[in-house]
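Chemist: Take the sequence shown: its position 18, counted from the start at 1, is 18 in the numbering used here, and no numbers get skipped.
Bear in mind the hints are in silico, worked out from the structure with no lab data behind them. Please read these numbers as outputs of a predicted model, since none were measured by experiment. There's no promise every hint is true.
[To be verified] Quick list of the computed label-pair ranges, beta carbon to beta carbon:
#1 Ala284 to Asn105: 31 to 37 Å
#2 Phe37 to Arg90: 39 to 45 Å
#3 Ala38 to Thr319: 56 to 62 Å
#4 Arg211 to Gly124: 44 to 50 Å
#5 Gly100 to Trp197: 48 to 54 Å
#6 Gly93 to Ala41: 54 to 60 Å
#7 Glu110 to Asp141: 51 to 57 Å
[Said to hold, decoys possible] Derived lysine-lysine pairs resembling DSBU-like cross-links, with alpha carbons at most 35 Å apart:
#8 Lys173 to Lys285
#9 Lys314 to Lys173
#10 Lys285 to Lys314
#11 Lys173 to Lys56
Every residue, glycine too, gets a C-beta built ideally from N, C-alpha and C.
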Amino acid sequence: PSVMGPALGAVVLSLMDAFLARWPGLQHFTYGALLLFALYAMPQGLAGALSALGRKLWPSLHRADPLPVVAGEWAPLYPAARDASGVMLRASGVHKAYGGVVPTNDVSLELRPGHVHALIGPNGAGKTTLLNILSGIVSPDRGRIEFAGADITRCGASEVCQRGIGRTFQNLKLFPHMSVLDNVLVGLHPHLRVGFWASLVGWRSARAEERGAREEATRLLAFVGLAERAHDEAGSLPYGLQRRLELTRALATHPRLLLLDEPAAGLNPQETEALTALIARIAAKGITVLLIEHHMDLVMAVSDHVVVLDHGVKIAEGTPAEVQRNPQVIAAYLGVDDEEQAIVESAAC
Numbered sequence: 001p002s003v004m005g006p007a008l009g010a011v012v013l014s015l016m017d018a019f020l021a022r023w024p025g026l027q028h029f030t031y032g033a034l035l036l037f038a039l040y041a042m043p044q045g046l047a048g049a050l051s052a053l054g055r056k057l058w059p060s061l062h063r064a065d066p067l068p069v070v071a072g073e074w075a076p077l078y079p080a081a082r083d084a085s086g087v088m089l090r091a092s093g094v095h096k097a098y099g100g101v102v103p104t105n106d107v108s109l110e111l112r113p114g115h116v117h118a119l120i121g122p123n124g125a126g127k128t129t130l131l132n133i134l135s136g137i138v139s140p141d142r143g144r145i146e147f148a149g150a151d152i153t154r155c156g157a158s159e160v161c162q163r164g165i166g167r168t169f170q171n172l173k174l175f176p177h178m179s180v181l182d183n184v185l186v187g188l189h190p191h192l193r194v195g196f197w198a199s200l201v202g203w204r205s206a207r208a209e210e211r212g213a214r215e216e217a218t219r220l221l222a223f224v225g226l227a228e229r230a231h232d233e234a235g236s237l238p239y240g241l242q243r244r245l246e247l248t249r250a251l252a253t254h255p256r257l258l259l260l261d262e263p264a265a266g267l268n269p270q271e272t273e274a275l276t277a278l279i280a281r282i283a284a285k286g287i288t289v290l291l292i293e294h295h296m297d298l299v300m301a302v303s304d305h306v307v308v309l310d311h312g313v314k315i316a317e318g319t320p321a322e323v324q325r326n327p328q329v330i331a332a333y334l335g336v337d338d339e340e341q342a343i344v345e346s347a348a349c
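Please construct the entire structure, taking both the sequences and the accompanying hints into account.
Modeler: Structure below.
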């Protein structure tokens, strides 16, 4: 439909233009009425409406193609061995201000290859802003970010993604009217090499690349447990599975570093437990993870290293057990008065 839609639309508009040429006063009115009708009655476009009609009239002819039979389990392209001495990403003195609001105040951190790192802190601590900076969505006012030895401080989001940093968002960013499989294929798109015209015409190279992408997506869906829902619309999935699908699409970008922004938000205890196991499996595959999360059970279960932010400032870091006992972290989460704060600061020194 995405190829036929523009062609059908061009034919219809050309015929209308020829038909209405003798009544120029009606042209603008007719085009406006047609546009409103299309938006209301055919939100998926002319080709989408014809396809939906065909599925209703001849369902046997419009069954989704079965998933390809693939051998082996999904594996990342760039697995990293656990290395406590190496550095995959280094952020130095990262600062971002919006007027008088400073969500990220000279934050520095290092991410070790093959490890799961957690970024925690109270609401408004600046965690998502830092993730937006690391993923190229927001540029810092000052500071430096190095990934795999290269400076990516001023790289845009698309370049950061192609360099090997994938991410999810607090709010779902799926394409709800596309299938689960197609959502995963979108994640694979930055790594496809066949050009527009080859894909449009359907050359052999384009068909081969499409076949390879479908096989890769099939392995990914099997890895996360969504293979049986591959042809369902993404918007029809339960919320917990939509969360899992967004994580799957991020994995499809072939990340060396995966940024997860509150992936357990809105999940019930059973879904959170399943997500915990999935993150552990992803890390076991050699993908480095940086996780923002408020579910402390999840953080403590999967994290090797924890960084704590409060009001844009890094106040603590260490192992989960060390951070859990840190007086400044306890104060940031529970809140203290001035006298108690002085005691906390003296205890931290």
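Chemist: Hint by hint, note whether the structure agrees.
Modeler: These are the hints, each one checked on the structure:
Here the CB-CB span from Ala284 to Asn105 is close to 35 Å, well matched to the stated 31 to 37 Å. Separation of Phe37 from Arg90 is about 56 Å and departs from the stated range, judged on CB atoms against 39 to 45 Å. A C-beta distance of roughly 58 Å is found between Ala38 and Thr319, which places it inside the suggested range of 56 to 62 Å. The hinted window of 44 to 50 Å between Arg211 and Gly124 holds, with their beta carbons roughly 47 Å apart.
Remark: the range hint 48 to 54 Å for Gly100 to Trp197 is upheld by a beta-carbon distance near 51 Å. The beta-carbon spacing between Gly93 and Ala41, approximately 55 Å, falls within the hinted interval of 54 to 60 Å. Checking the proposed 51 to 57 Å range against Glu110 and Asp141 shows it is violated: the Cβ atoms sit about 21 Å from each other. For the hint linking Lys173 to Lys285, the alpha-carbon distance of about 25 Å falls within 35 Å, and the restraint holds.
Restraint check for Lys314 and Lys173: satisfied, since their Cα atoms lie roughly 29 Å apart, inside the 35 Å limit. Straight-line distance between C-alpha atoms of Lys285 and Lys314 comes to about 29 Å, which keeps the hinted pair within the 35 Å bound. Of the supplied pair hints, the one linking Lys173 and Lys56 holds, its CA atoms being roughly 29 Å apart against a limit of 35 Å.
Hint compliance for this structure: hints 2, 7 are not met, and every other hint is.
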